[in-house]
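Chains as they are written, first to last, in this note's numbering: chain A, 9 to 405; chain B, 16 to 167.
Don't take every hint at face value.
[What the hints assert, rightly or not] Now the stretches of chain B that chain A is said to cover, found in silico as 3 or more residues with beta-carbon under 8 Å:
#, region
1, 50-59
2, 63-72
3, 75-89
4, 104-112
Just so you know, the hints here were simulated from the structure itself, not pulled from any lab data.
For each residue, glycine too, the CB sits at the ideal point set by N, CA and C.
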Amino acid sequence: MMSRMVRGLPLTYLDTSATSLPPRPVIEAMSRYYELRHSNVHRGVYLTAEESTAVYEGARKDVGTFINAPNGVNEVVFTKNATESFNLLAKSWGAANLKPGDAVVLSVMEHHANIVPWFQLRDQIGIEIRFIPVGDDYRLDLNSLDELLDGAKLLSVTGMSNVLGTINPIKQLAQAAHDHGALMAIDAAQTIAHSPVDVGDLGVDFLAFSAHKMLGPTGIGVLWAREEILANMPPFLGGGGMIADVRLDGFTPTSGPARFEAGTPPIAEAAGLSAAVRYLSNLGMANVAQYEHDLTLDALTRLHETFHGQVRVIGPNSVTDRGGVISLDVEGVHAHDIAQVLDEFGVCVRPGHHCAKPLMRRFGLSATARASFGPYSLTQDTDVLLEALAHAIKLFG
Amino acid sequence: MSNLDDLYREIILDHYRSPRNRGELPSPPAIRSEGFNPLCGDELVICVEVQDGVLTNIKISGQGCSISQASSSLMSTVVKGKTLEQIDETINTFKQLMTVHESTLQHGDEPAKIDLRALGELAALQGVVNFPVRIKCATLAWNTLRQALDEA
Chain A
9 MMSRMVRGLP LTYLDTSATS LPPRPVIEAM SRYYELRHSN VHRGVYLTAE ESTAVYEGAR
69 KDVGTFINAP NGVNEVVFTK NATESFNLLA KSWGAANLKP GDAVVLSVME HHANIVPWFQ
129 LRDQIGIEIR FIPVGDDYRL DLNSLDELLD GAKLLSVTGM SNVLGTINPI KQLAQAAHDH
189 GALMAIDAAQ TIAHSPVDVG DLGVDFLAFS AHKMLGPTGI GVLWAREEIL ANMPPFLGGG
249 GMIADVRLDG FTPTSGPARF EAGTPPIAEA AGLSAAVRYL SNLGMANVAQ YEHDLTLDAL
309 TRLHETFHGQ VRVIGPNSVT DRGGVISLDV EGVHAHDIAQ VLDEFGVCVR PGHHCAKPLM
369 RRFGLSATAR ASFGPYSLTQ DTDVLLEALA HAIKLFG
Chain B
16 MSNLDDLYRE IILDHYRSPR NRGELPSPPA IRSEGFNPLC GDELVICVEV QDGVLTNIKI
76 SGQGCSISQA SSSLMSTVVK GKTLEQIDET INTFKQLMTV HESTLQHGDE PAKIDLRALG
136 ELAALQGVVN FPVRIKCATL AWNTLRQALD EA
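Can you build the whole structure from these sequences, using the hints too?
Written as structure tokens, this is what we have:
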């Protein structure tokens, strides 16, 4: 896709936060699966069925290794995406373990995927939802963390804001949650492809992400949970694949991650996810983090030098604990119009509230134009971004 | 940049920079209606006063992109002082304009269907149809106005 021309111009893709561009090995892995091995998993005894199962279960192993899961394949549940992972967490673990009055602590900078399932659960069983505030420095304000965690059963926070680029101190938060007897979940949708993620080192209990934001395909995501917690979670969706037995008077669910994977799973997508994980591992996540850090520093510096105060960056100005997500607010020009003008230059950015309305309200914004980097981004992308921004400002100025 | 020039015509930029009939009216007696465009986060509040079947006053507040702001501003200048029947007709004509596809316009048969003169300055918004994602921005004010008038 990166070789594609748009209106005679090369494509400048700056929307990796929304979805990432899959490299050729990912596309080839999915084609190869359909061309050579396609069969249903966990059923047939014929060769291609065994290969198909190996592809699907191999992806589980690859993901477990990638996030350094202590009990590997026993802890990796495949879902549709990170949103479904949070729904699974709330509707299975939450409904079984939370009682009226129990608190779930989130943050104001969460994506709607880590807010709405908890509100749904609140409306169902009467839990309390609390929010860690965000300070004027675009970082979590942890001054009242102890009070917020008092009586909490779960702290669920994003690894990196998809609007601000702020990277949160997950290790510190996990420690605080455990000190208060709460479990810790992390929304890793924005971190998984941009920095090393090690669940053991972070000390978290749950982790959710989508394959399509980590150079993989759409249609598959992951919920990782500690084995002993997962073992006690009731099934989520019902159907084939998740049962040990079905009788005329009821059913017995199977054990392990399969208990949460009803129906034929996304097999080709698992093949793509495997390839994406291997591609990122070959790059080395520490290298990716350093590369994107440099791109972000360059972009923030040049945005400031070129536009001074006219273009406001909604997010930390320092690149410490900050990722390559740059939300822009241009005086007198709406984000939608910025994005429209940028499109004319072949630049793909995302206008809007980025599924984080509570955060946007916090800063009195209805929309920002967001540019975000991936491992394939180049400093030349920033050149085009700056040129197109200058045109937009001139047009509306 | 010819595409952009067609979208962002001077009249549109003018109404975006200096929107007409900005503000709110005490409600009641005015009818107040809110519109949202979840795609871009546009929020619009329209207050109208209706007396004897005539829209006597209109005020618009809220925030949004140039297309939604210009469309609401242009709309306010067109509907003020008109009868509800006339407004209903204008809403229909405008919404028809927003559904005419580029290919139809190029064939040049659109004047037969839509009386652009009847739309006056509103015709400046016809470039929006070539940007399908933006049509909702242009029609937000009109849907919100219809909502308000349905209560009248």
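Each hint, compared with the structure:
1. 50-59: Holds: 5 residues of the region 50-59 of chain B have a Cβ under 8 Å from chain A.
2. 63-72: violated (count 0)
3. 75-89: holds (count 6)
4. 104-112: violated (count 0)
Checked against the numbered hints given earlier, this structure breaks hints 2 and 4; the rest are met.
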